[in-house]
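Listed below, chain by chain, are the residues.
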Amino acid sequence: MLCEECRQKEATIHIVKQMDGNQTEINLCEQCARKKKELEVSFEPQFSLHKLFASMLNQSLRDSRRAQQAVDTQCPSCGLTFSQFSQIGRLGCSDCFKAFEEQLKPLLRRIHAGCAHTGKVPLKILGRVQAVREIDQLKEELQAKIINEEFEEAAVLRDRIRALEEDILQKEANGGEKN
Amino acid sequence: MKQVQFTMSRWMQDSGPDSEIAISTRVRAARNIRGFTFPCLAADHETEAVISTVSSVAAGIEEFAQFNYWPIDTLTEMEKNALVEKHLISPLLAAESKHGALLLRNDEAISIMINEEDHLRIQAILPGLQLEEAWCEASRYDDLLENELDFAFDVHYGYLTACPTNIGTGLRASVMLHLPALIITRQISRLLGALSQVGLAVRGLYGEGTEIIGNLVQVSNQVTLGQSEEEIISNLFSIIRQVIEQEQSARQMLLDKQRASLADKAWRAMGLLKMPS
Numbered sequence: 001m002l003c004e005e006c007r008q009k010e011a012t013i014h015i016v017k018q019m020d021g022n023q024t025e026i027n028l029c030e031q032c033a034r035k036k037k038e039l040e041v042s043f044e045p046q047f048s049l050h051k052l053f054a055s056m057l058n059q060s061l062r063d064s065r066r067a068q069q070a071v072d073t074q075c076p077s078c079g080l081t082f083s084q085f086s087q088i089g090r091l092g093c094s095d096c097f098k099a100f101e102e103q104l105k106p107l108l109r110r111i112h113a114g115c116a117h118t119g120k121v122p123l124k125i126l127g128r129v130q131a132v133r134e135i136d137q138l139k140e141e142l143q144a145k146i147i148n149e150e151f152e153e154a155a156v157l158r159d160r161i162r163a164l165e166e167d168i169l170q171k172e173a174n175g176g177e178k179n
Numbered sequence: 001m002k003q004v005q006f007t008m009s010r011w012m013q014d015s016g017p018d019s020e021i022a023i024s025t026r027v028r029a030a031r032n033i034r035g036f037t038f039p040c041l042a043a044d045h046e047t048e049a050v051i052s053t054v055s056s057v058a059a060g061i062e063e064f065a066q067f068n069y070w071p072i073d074t075l076t077e078m079e080k081n082a083l084v085e086k087h088l089i090s091p092l093l094a095a096e097s098k099h100g101a102l103l104l105r106n107d108e109a110i111s112i113m114i115n116e117e118d119h120l121r122i123q124a125i126l127p128g129l130q131l132e133e134a135w136c137e138a139s140r141y142d143d144l145l146e147n148e149l150d151f152a153f154d155v156h157y158g159y160l161t162a163c164p165t166n167i168g169t170g171l172r173a174s175v176m177l178h179l180p181a182l183i184i185t186r187q188i189s190r191l192l193g194a195l196s197q198v199g200l201a202v203r204g205l206y207g208e209g210t211e212i213i214g215n216l217v218q219v220s221n222q223v224t225l226g227q228s229e230e231e232i233i234s235n236l237f238s239i240i241r242q243v244i245e246q247e248q249s250a251r252q253m254l255l256d257k258q259r260a261s262l263a264d265k266a267w268r269a270m271g272l273l274k275m276p277s
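Chains as they are written, first to last, in our numbering: chain A, 1 to 179; chain L, 1 to 277.
Hints were generated in silico from the structure; no laboratory data involved.
Please note that a few of the clues may not be correct.
To be verified - Below, computed lysine to aspartate or glutamate pairings styled on DMTMM-like, alpha-carbon distance capped at 25 Å:
#1 A/LYS124 x L/GLU133
#2 A/LYS98 x L/ASP154
#3 L/LYS86 x L/ASP14
#4 A/LYS105 x L/GLU231
#5 A/LYS124 x L/ASP14
#6 A/LYS124 x A/ASP95
#7 A/LYS98 x L/GLU46
#8 A/LYS124 x A/GLU141
#9 A/LYS171 x L/ASP143
#10 L/LYS257 x L/GLU20
#11 A/LYS124 x A/GLU165
#12 A/LYS124 x L/GLU230
#13 L/LYS2 x L/GLU85
#14 A/LYS98 x A/GLU152
Chain A extracted, bound-state conformation (with noise of 0.2 Å):
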């Protein structure tokens, strides 16, 4: 079957309208009928993982109740939208992670293995990366040990995580390493 629109390309899309009880049919080749806008079908052959990621985006907004407030959200560095970056599922910036963190954390859990990145490090910055995962893991340790009342080991643990955090400080304020 040839194209109605052009004659010349074999009719590759059939669209079938049921409007008023009435029906029509038209066939056109892809060419054809990308340019016929009216349409609205989208005929994108590309299945894209960015638009798959923005509906999911979207779908958890939907489900949010503080929906409105979450749209709002504005990288202060680049200008970025959360209601912009749900639509084409690209960040814009490095600093869209702090700013959207709230509404990115749910969607990286569902997508990946975890939160949290346990691989390479650059090594320029790998002792202060090292230092926070140890205060991470020694605020998890800490918050045991109140729980069970063992407060003299929670504050030889306290000491400990004030002592890294200044060291850290100390470091990025003499410039040495930054993040």
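Please build the complex by placing chain L on the supplied structure of chain A, with the hints as guidance.
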């Protein structure tokens, strides 16, 4: 400036471990430079700044003397197509990147795309099943560039990428497999289902959204956050090994039980190739 080669890449010609089934192994790391907007949102002067920063850094590193550098808009359609077909650049970089560029090692085993979806996509491609080797190669160039550049990295989330599906390691490892026997014996759909359950993606020859042609499939990791590079690589390796074993036994089964119809297929194909109509 050197011309883009139209001849086959080494990964296409050379053989590697298990290369009668595993055609090639590809590993890429996504990296962004701190302080620059990601390419999809960046203004022209920013994408230009990324290009000049990266190319001047590369020019100062000894190992990059074996690389050729091409801004994508200086290439002809034919050259772009050749690079896409050899899997050295993505269709996205060829078609729509602003100030996209390519750094390509002479042997075409390492390619670094600039201003694709992320500022940098460091890719290693090797023949056969060589996941660890490919990751080591990509990681080495990652280290070299990281010495000179500040990559966007978060203590908790790892390497930050434009698409949240790449965050963490930024690592996508994929193996291209030739699975005719699993397809003939119709075991493929069960296998594909099982692979997706363990968090692996299966795609056609040219990545996302392409169909399976010529019995070739690409199997890759989906998860990039919460697992280390070594875990991702070794998980993928052990599953690919199982797929290879299944294909081998399916091939043996076909040889034992359906030798005549298999021979018929082969001779018909030979006939078509020898007698073009």
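Hints and how they fare:
1. Restraint check for A/LYS124 and L/GLU133: satisfied, since their Cα atoms lie roughly 24 Å apart, inside the 25 Å limit.
2. Straight-line distance between C-alpha atoms of A/LYS98 and L/ASP154 comes to about 9 Å, which keeps the hinted pair within the 25 Å bound.
3. Between the alpha carbons of L/LYS86 and L/ASP14 the distance comes to roughly 14 Å, so the proposed pair stays at or under 25 Å and holds.
4. Annotation: proposed proximity of A/LYS105 to L/GLU231 holds, straight-line Cα distance about 22 Å (limit 25 Å).
5. A C-alpha spacing of about 37 Å is found between A/LYS124 and L/ASP14, which places the hinted pair above 25 Å, so the restraint is violated.
6. Distance restraint check for A/LYS124 and A/ASP95: the Cα-Cα separation of roughly 20 Å lies within the 25 Å cut-off, and the hinted pair is therefore satisfied.
7. Restraint check: the Cα-Cα separation between A/LYS98 and L/GLU46 comes to about 22 Å, which is no more than 25 Å; the hinted pair holds.
8. A hinted pair counts as satisfied when its Cα atoms are at most 25 Å apart, and A/LYS124 with A/GLU141 does not qualify at roughly 28 Å.
9. With a CA separation close to 22 Å, the supplied pair A/LYS171 and L/ASP143 stays within the 25 Å bound.
10. Restraint check for L/LYS257 and L/GLU20: the C-alpha separation of about 21 Å stays at or below 25 Å, so the hint holds.
11. With a CA separation close to 18 Å, the supplied pair A/LYS124 and A/GLU165 stays within the 25 Å bound.
12. At roughly 20 Å between alpha-carbon atoms, A/LYS124 and L/GLU230 fall within 25 Å of each other, so this suggested pair holds.
13. Only pairs whose Cα atoms come within 25 Å are accepted, and L/LYS2 paired with L/GLU85 is accepted, the gap being roughly 19 Å.
14. Annotation: proposed proximity of A/LYS98 to A/GLU152 is violated, straight-line Cα distance about 36 Å (limit 25 Å).
Checked against the numbered hints listed earlier, the structure breaks hints 5, 8, 14; every other hint is satisfied.
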